[in-house]
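A.B. asks: Residues per chain, in single letters:
Protein chains: 2
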Amino acid sequence: MKHTVSLLLFAALVVTLGVAHIGCAPQSDVQSALDVAVDPLPSWNEGAARQSIVDFVARVTDPASDDFVPEAERIATFDNDGTLWSEQPAYFQLLFAIDRVKALAPEHPEWAKKQPFKAVLDGDMEALAAAGEHGLIEIVAATHAGMTTAEFEAVATDWIATAKHPTTDRPYTEMVYQPMIELLDYLRANGFKTFIVSGGGIEFMRPWTEEVYGIPPEQVVGSSIKTKFEIQDGQPVLMRLPEIDFIDDKDGKPVGINSHIGRRPIAAFGNSDGDLQMLQWTAAGDGPSFCLYVHHTDAEREWAYDRGSHIGRLDKGLEEARERGWTVVDMKNDWTVVYPWN
Amino acid sequence: MKHTVSLLLFAALVVTLGVAHIGCAPQSDVQSALDVAVDPLPSWNEGAARQSIVDFVARVTDPASDDFVPEAERIATFDNDGTLWSEQPAYFQLLFAIDRVKALAPEHPEWAKKQPFKAVLDGDMEALAAAGEHGLIEIVAATHAGMTTAEFEAVATDWIATAKHPTTDRPYTEMVYQPMIELLDYLRANGFKTFIVSGGGIEFMRPWTEEVYGIPPEQVVGSSIKTKFEIQDGQPVLMRLPEIDFIDDKDGKPVGINSHIGRRPIAAFGNSDGDLQMLQWTAAGDGPSFCLYVHHTDAEREWAYDRGSHIGRLDKGLEEARERGWTVVDMKNDWTVVYPWN
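So the protein lines, in turn, are chains F and V.
At position 96 of the first sequence (counting the first as 1) the number is 107 in my numbering, and the numbers step up by one without a gap.
At position 238 of the second sequence (counting the first as 1) the number is 249 in my numbering, and the numbers step up by one without a gap.
Hints may be right or wrong, so weigh each one.
When chains are identical, the list treats them as one kind, so a pair holds in a single copy or across two.
[To be verified] Subject to a maximum C-alpha distance of 25 Å in a straight line, what follows is the list of computed BS3-like cross-link-like pairs (lysine-lysine):
#  : residue 1 : residue 2
1  : K125      : K261
2  : K261      : K204
3  : K125      : K113
4  : K327      : K239
5  : K261      : K237
6  : K125      : K327
7  : K343      : K239
8  : K113      : K175
9  : K343      : K327
10 : K175      : K129
Just so you know, the hints here were simulated from the structure itself, not pulled from any lab data.
Treat the numbers as computed from the prediction; the structure is a model and nothing was measured.
Using the sequences plus the hints, can you model the full thing?
C.D. replies: Now the structure itself:
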């Protein structure tokens, strides 16, 4: 918890500092309808990254190959923040929490004078930082707990449908990476079962992952708070408690994979050191495996960051990827477009 | 945990008392190949239980019906012990634990004098009972923890392939209910996704549920102990710790369903009060729902028990099923056969 909260805190700071800028990307070359029909990865430039994906899929799906993997075992796991959608200028779930504090403030007049809520309402990120981890836990408790799972689902569904990204003014569901959407489709077309394995909240993601990524709720693994079964007015409900259940990050990712999926992935996709253990766990399987890091190299179309970043720091992971020959996607050079609307 | 351990303890006692007997079932009428081809539920007698299943499936799969449910939402959850396979004379996982103590005893000479292991080795269930919950936790720790997930999987796989049921001398995988196997197939043929939601250990079940029930590991929900990611000799492993993570029983079943599946089932199948909350949760959905209790009424072909039983007690659940018009399967009269080999 500690570390995750620290990450959130840094993320919040980055919001205020406003270090990130989004440039306007040139429209990618329009490919003919015929090209799109025959090319399952139209937003991927020719190159080593794309080739490694296509080669791996060919190997594990060819019944004549020594590396053939039966369909049931073609498990592919994807990190979400920074791998399937952007994570700048802050994890989108933190922006959700901040929006929720603002939306709930009229019911909580005391927040005008009470930290850490006052800091959020005043947009005073220095004061929020001063409230520390305890303050952030209070914000999570106030915005993510104390309601039923159905109520939280409604809140998350409404937010994702209406909220806009602070720098692009686009809905968050348009901040997804078009090449990764194509990759998800391509893997599923080749008999893979695709899962999200994210440090983000499992119930924050589930309301929209099926529509946006084609990944149903039962294939979403994430961090969670505890829930409790209760009968309220004769109706069974699950109450969300202000208590951490599981942090699906770093060492937690293989644990979450084992708990929810129960078999080892043969392919794993991430963008940060928080994904390293998932990639190590995947690479340690007996059969063929594929590990890929998305490297944020594109300051024009998205953001450029790795070792020095508090959000999505990629340091040890990049080193290990290079040592072990894992695929590293250079966003700037490997992707013809970043977002669906580029 | 307390209650679960008590159940296990009582189960262990029942083993010694040897109260259960299995009679020899008459061979069911052989149906013609044609009948089998057109009847997806050949081991179900005509009657209210069978009819309720067929009617529900017809309603939710007919696009013209007001009760039509899209395929993605056709989630069906099944308890395991007493619902898909027998649970007498003790939960089979307890028999596994007892077998493991015996198998590990040569490496633990101290167990010959140390409770609760001495009790297990001597077959002295009174002494085991005297060791209480603490004793049973020691047995679980010694047999289910202190090894990697891969090692435990190998142990469970070996046991299920070789161990025999104490009264029928059949492999445990033949102690499954043929009518329920047909029901699983029938639901899947109609676009349902079938899940196990069991108080049993998630990693005890996963090695064999795909072969026996057609349910893959990622669709198995169960009780769990904690695991920890470690690098051992350069290889990542998940160590199984002697610490309870989650008990998937009673109030825990809706929690486990929410955590692993993330949507509410439209059909749920159980046999005991431990399944009641799962059935309540299922029945509370907005759309059509189907709840079914398997009632153990067949002392000849299986076992007959409900209110008075320590294993699989069915008391409040039976009452609520009758009040609410849920389907109650009378094993003796509704099933032409119980086991595949009857």
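A.B. asks: Now, for every hint given, state plainly whether the structure supports it.
C.D. replies: Here is what the structure says about each hint:
Taking the closest pair of Cα atoms, K125 and K261 never come within 25 Å of each other, the shortest separation being 33 Å inside a single copy and 40 Å across copies. When the C-alpha separation of K261 and K204 is checked against a cutoff of 25 Å, the pair qualifies only within one copy, where the shortest distance is 22 Å, while the shortest distance between copies is 31 Å. Taking the shortest Cα distances, K125 and K113 sit within 25 Å of each other inside one copy (13 Å), while across copies they are farther apart (61 Å). In this homomeric assembly, K327 and K239 come within 25 Å of each other (Cα to Cα) only across copies, at 21 Å, whereas the closest approach inside a single copy is 38 Å.
Proximity of K261 to K237 under the C-alpha cut-off of 25 Å is found in both arrangements, the shortest distances being 20 Å within a copy and 16 Å between copies. When the C-alpha separation of K125 and K327 is checked against a cutoff of 25 Å, the pair qualifies neither within a copy, at 40 Å, nor between copies, at 48 Å. In the homo-oligomer, the alpha carbons of K343 and K239 never lie at most 25 Å apart, since the shortest distance is 46 Å inside one protomer and 37 Å across protomers. Within a single copy, K113 and K175 get their C-alpha atoms as close as 15 Å, which meets the 25 Å cut-off; across copies the closest is 62 Å, which misses it.
Taking the shortest Cα distances, K343 and K327 sit within 25 Å of each other inside one copy (21 Å), while across copies they are farther apart (62 Å). Proximity of K175 and K129 under a CA criterion of 25 Å is satisfied intra-copy only: 23 Å inside one chain copy versus 65 Å between copies.
Checked against the numbered hints above, the structure breaks hints 1, 6 and 7 and satisfies the rest.
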